[in-house]
Amino acid sequence: AQSVTQLGSHVSVSEGALVLLRCNYSSSVPPYLFWYVQYPNQGLQLLLKYTSAATLVKGINGFEAEFKKSETSFHLTKPSAHMSDAAEYFCAVSKSGGSNYKLTFGKGTLLTVNP
Amino acid sequence: ETGVTQSPTHLIKTRGQQVTLRCSSQSGHNTVSWYQQALGQGPQFIFQYYREEENGRGNFPPRFSGLQFPNYSSELNVNALELDDSALYLCASSWGDRVGYTFGSGTRLTVV
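Here the protein sequences line up with chains H and F, keeping their order. All the letters of the first sequence, read from the start, carry residue numbers 152 to 266 under the numbering used here. All the letters of the second sequence, read from the start, carry residue numbers 4 to 115 under the numbering used here.
For the record, the hints were derived by calculation from the structure and aren't laboratory data. Just to be clear, a hint being listed does not mean it is correct.
What the hints assert, rightly or not - Here are a few chain H residues that face chain F, going by a calculated C-beta distance under 8 Å: (1) 195; (2) 200; (3) 214.
Claimed, not checked - The following label-pair restraints were derived from C-beta to C-beta distances: (4) 11/F to 258/H: 36 to 44 Å; (5) 12/F to 261/H: 27 to 35 Å; (6) 5/F to 228/H: 29 to 37 Å; (7) 14/F to 261/H: 21 to 29 Å; (8) 209/H to 20/F: 23 to 31 Å; (9) 8/F to 204/H: 47 to 55 Å; (10) 192/H to 115/F: 29 to 37 Å; (11) 231/H to 12/F: 28 to 36 Å; (12) 68/F to 222/H: 35 to 43 Å; (13) 231/H to 25/F: 35 to 43 Å; (14) 115/F to 231/H: 40 to 48 Å; (15) 204/H to 20/F: 42 to 50 Å; (16) 192/H to 73/F: 17 to 25 Å; (17) 228/H to 8/F: 29 to 37 Å.
To be verified - Computed footprint of chain H on chain F, listed as stretches where at least three residues anywhere in the stretch have a Cβ under 8 Å from a Cβ of chain H: (18) 15-26; (19) 64-75; (20) 103-110.
Quantities reported herein were computed from a predicted structural model and do not represent experimental measurements. Note that CB positions come from ideal geometry on N, CA and C, so glycine has one too.
Put together the whole structure using the sequences plus the hints.
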């Protein structure tokens, strides 16, 4: 079975500060890992994904994440927060390979950005 | 290219009723998955359809059922609605075993 733990249900940063959202996963097989963002009353937008290529993954809107197998982590970072980054962020894991890419999501982290 | 579209956007139903939610997959995508997102929670996998066949199911009772049509659009049907079925229902499409889904904006279902 696979699972995701997102540490911190709510993270608050100042505009221009570093954003760090934490995600730890559990998987019995090599995982694929994802970060999604959800703005109010909207669906999920893919920020970035890890699929066993480079361990440092760059995504949209200046976000990046690093896959650390030894720590079973896939933390999301952005050097400088912008007001438009305020949203809910979800980390997700799926099994690598095969045709059934069921995603298992964490409970989400709400990011607020203060002016 | 068009994205994933879901209808309706909002719906209110009474406990015990039945509901059908619809999803048009992104152009070129042949796999559709449905997720339930309760308030304050992450999405939970309901099931996936690939080439009109169910291709995996999460921990949801049989009153949750689905269909995929030849044009790859899909329906989610829920019978005997319960209050706990109130949630945002998300549809996501992808191309076969290529990694990465495109999500729709969801249908907000309220059961009263």
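Range hint 47 to 55 Å (beta carbons of residue 8/F and residue 204/H) holds or violated: 31 Å, violated
Status of the residue 195/H interface restraint (C-beta, 8 Å, chain F): 4 Å, holds
Using a Cβ cutoff of 8 Å, are there at least 3 residues of the stretch 103-110 of chain F near chain H, or does the coverage claim fail? With 7 residues close enough to chain H, the hint holds.
Range hint compliance [Cβ, residue 14/F to residue 261/H, 21 to 29 Å]: 25 Å, holds
If I claimed the Cβ atoms of residue 204/H and residue 20/F lie 42 to 50 Å apart, would that claim hold in this structure? Holds - the Cβ-Cβ distance for residue 204/H and residue 20/F, about 47 Å, lies within 42 to 50 Å.
Does the beta carbon distance between residue 192/H and residue 73/F stay inside 17 to 25 Å, or does it fall outside? Check failed, 32 Å falls outside 17 to 25 Å.
Does the hinted range 29 to 37 Å hold for residue 228/H and residue 8/F at CB? Taking Cβ atoms as reference, residue 228/H and residue 8/F lie about 33 Å apart, which means the hint holds.
Taking 29 to 37 Å as the hint, is the beta-carbon distance of residue 192/H and residue 115/F inside that range? 20 Å Cβ-Cβ, so the 29 to 37 Å window is violated.
Given a hint of 35 to 43 Å, does the C-beta separation of residue 68/F and residue 222/H actually sit inside it? 41 Å, holds
Taking 27 to 35 Å as the stated bounds, is the beta-carbon spacing between residue 12/F and residue 261/H within them? 22 Å, violated
For the stretch 15-26 of chain F, does the count of residues with a C-beta closer than 8 Å to a C-beta of chain H reach 3? n = 0 at 8 Å, threshold three: violated.
Should the hint that residue 231/H and residue 25/F are 35 to 43 Å apart at their CB atoms be regarded as holding? With Cβ atoms ~41 Å apart, the hint holds.
Hint violations for this structure: numbers 3, 4, 5, 8, 9, 10, 16, 18 and 19, all remaining hints satisfied.
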